[in-house]
Amino acid sequence: MSGKPRLHYTNGRGKMESIRWLLAAAGVEFEEEFIETKEDLEKLRNDGVLMFQQVPMVEIDGMKMVQTRAILSYIAAKYNLYGKDLKERAWIDMYVEGTTDLMGMIMYLPFQPADTKEKNLALIIERATTRYFPVYEKALKDHGHDYLVGNKLSWADIHLLEAILMAEECKPDILSAFPLLQAFKGRTSNIPTIKKFLQPGSQRKPPTDEKFVVIVRKIFNI
Amino acid sequence: MSGKPKLHYFNGRGRMESIRWLLAAAGVEVCLYRMSPCLVPFSLDGSLLFQQVPMVEIDGMKMVQSRAISNYIAAKYNLYGKDLKERALIDMYVEAVIDLNELLMTHTFQPADKKEQHFATIVDKATNRYFPVYEKVLKDHGQDFLVGNRLSRADVQLLETLLMAEECKPDILVKFPLLQSFKARISNIPTIKKFLQPGSQRKPPLQEKDVPKLMKIFH
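In order, the protein sequences belong to chains X and H. The first sequence begins at 1 in the UniProt record's numbering and counts up by one. The second sequence begins at 1 in the UniProt record's numbering and counts up by one.
Possibly wrong hints are sitting among the right ones.
Okay, derived cross-link-like pairs now, EDC-like style, lysine to aspartate or glutamate, Cα gap no bigger than 16 angstroms in a straight line [claimed, not checked]:
id: 1; chain 1: X; residue 1: K15; chain 2: X; residue 2: E39
id: 2; chain 1: H; residue 1: K125; chain 2: H; residue 2: D140
id: 3; chain 1: H; residue 1: K115; chain 2: H; residue 2: E208
id: 4; chain 1: X; residue 1: K78; chain 2: H; residue 2: E208
id: 5; chain 1: H; residue 1: K85; chain 2: X; residue 2: D61
id: 6; chain 1: X; residue 1: K64; chain 2: H; residue 2: E95
id: 7; chain 1: H; residue 1: K62; chain 2: X; residue 2: E88
id: 8; chain 1: H; residue 1: K85; chain 2: X; residue 2: E59
id: 9; chain 1: X; residue 1: K64; chain 2: H; residue 2: E86
id: 10; chain 1: X; residue 1: K64; chain 2: X; residue 2: E36
id: 11; chain 1: X; residue 1: K15; chain 2: H; residue 2: D99
id: 12; chain 1: X; residue 1: K87; chain 2: H; residue 2: E102
id: 13; chain 1: X; residue 1: K15; chain 2: H; residue 2: D83
id: 14; chain 1: X; residue 1: K171; chain 2: X; residue 2: E118
id: 15; chain 1: H; residue 1: K76; chain 2: X; residue 2: D85
id: 16; chain 1: X; residue 1: K185; chain 2: X; residue 2: D173
id: 17; chain 1: H; residue 1: K125; chain 2: H; residue 2: E95
Here are some of the chain X residues that sit facing chain H, going by a computed Cβ distance under 7 angstroms [what the hints assert, rightly or not]:
id: 18; residue: S73
id: 19; residue: E97
id: 20; residue: Q203
Take a look, some chain H residues computed to stay more than 12 angstroms from chain X by CB distance [to be verified]:
id: 21; residue: N149
id: 22; residue: L173
id: 23; residue: S181
Think of the hints as simulated: they come from the structure by calculation, not from any bench. Even glycine gets a Cβ: it sits at the ideal position worked out from N, Cα and C.
Build out the structure end to end from the sequences listed, making use of the hints.
Written out as structure tokens, the structure is:
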């Protein structure tokens, strides 16, 4: 058993994707064990390794961590992506919660009934362009730095890049009114660890398609 | 008035209640600013980062996002463990408590035909998924507090949720003796005891009659 973190989840994005992004950006190699059937999930539950019977679960540093935010916070702190003090941390948390809300909307889109998809997509685009992106555009404009917080790469930047790319999958020109976010995207994507993660063959997962929705519904009984 | 955190929210529990609990447990006095229902977006124009409340003015920041606010308060007032690993445990326990809180909070908003099933889900999740974990944690280490043998936000937020769950079903802790004694013990901590007394800033449960008004504000 190597010392590498071991991720337990389906072979798709879901709630584990942000964790994959953060580990990759931090240059941390990780292993994955995929839940492919309901029985796989049952086995994890019966083995008693899921504290609240849920995934994501990440084996890291002798712990079997659950709860996405707990895992992300731990990784961010461990790999110095959580700011230098309490106040920087506060800003990172605020920014991350915003991008979490936005990505949460996008994540659930494939699972929504067909007749609501168009309306929900429109809401995502509206929220992205009127509630969320303006905040990050302004943050970058106000301080003129390359990164959102503390003039240094943090979890907030990685999370924002992930959100931008997901939003662009919804609407390719969604950043058209946000020149600083476009530059941010270009710049942050070029960070070596992130650039590597964005290349084919990495552990980054593709968007969830209809076929995968069926699999996920079966596994989680939803 | 200056120097005290200022809370911006409507006069109810919602997503601000956990923050009130944490501040109260830490013995921090707050300045309350009650939002008038129709002034939500306007009275705080430009002050709400994502146009949402809760918002807490604290240490020169206008903080939003309930988790960010709670994280800051917990760390500032030493309720977040002594190191990264204790923090990890606290985060895991707290995130699950938040999940259960969400279920409890949304109960009043359920349409009449879904209420019974929602209630059953609450009871099932509380007694089969969540409470057994905390009961076992307390049993395994035999200490008074969940993490690090010391009061942390995990204890405060668990107590908050235990009380909310009992409002839903008064005997919901019947199978959890350690949680019962935990509840009594944590409730007796002076700052928390004070918060639990009438006249404190703790808010009552949402009444069904208030739901339409709330829906208007937030939807």
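Hints, one by one, checked against the model:
1. X/K15 to X/E39: Outside the cut-off at roughly 20 angstroms; violated.
2. H/K125 to H/D140: violated (22 angstroms)
3. H/K115 to H/E208: Answer holds: H/K115 to H/E208 is near 12 angstroms, not above 16 angstroms.
4. X/K78 to H/E208: violated (45 angstroms)
5. H/K85 to X/D61: Distance of about 9 angstroms is within 16 angstroms: holds.
6. X/K64 to H/E95: holds (15 angstroms)
7. H/K62 to X/E88: Since the Cα atoms of H/K62 and X/E88 sit roughly 14 angstroms apart, the hinted pair holds (cutoff 16 angstroms).
8. H/K85 to X/E59: It holds: about 13 angstroms lies between the C-alpha atoms, which stays within 16 angstroms.
9. X/K64 to H/E86: Holds, at about 14 angstroms.
10. X/K64 to X/E36: Violated, at roughly 20 angstroms.
11. X/K15 to H/D99: Holds - the C-alpha atoms of H/D99 and X/K15 are around 15 angstroms apart, at most 16 angstroms.
12. X/K87 to H/E102: violated (27 angstroms)
13. X/K15 to H/D83: violated (25 angstroms)
14. X/K171 to X/E118: holds (12 angstroms)
15. H/K76 to X/D85: holds (11 angstroms)
16. X/K185 to X/D173: Roughly 13 angstroms separates the two Cα atoms, so the pair holds.
17. H/K125 to H/E95: Given that 16 angstroms is the threshold and the Cα spacing comes to 14 angstroms, the pair holds.
18. S73: holds (6 angstroms)
19. E97: It holds, given that the least Cβ distance between X/E97 and chain H is near 4 angstroms, below 7 angstroms.
20. Q203: Violated. Min distance 22 angstroms.
21. N149: Correct as stated: the minimum Cβ-Cβ distance to chain X is 18 angstroms, above 12 angstroms.
22. L173: holds (18 angstroms)
23. S181: Non-interface label on H/S181 holds, nearest chain X Cβ at 22 angstroms vs cutoff 12 angstroms.
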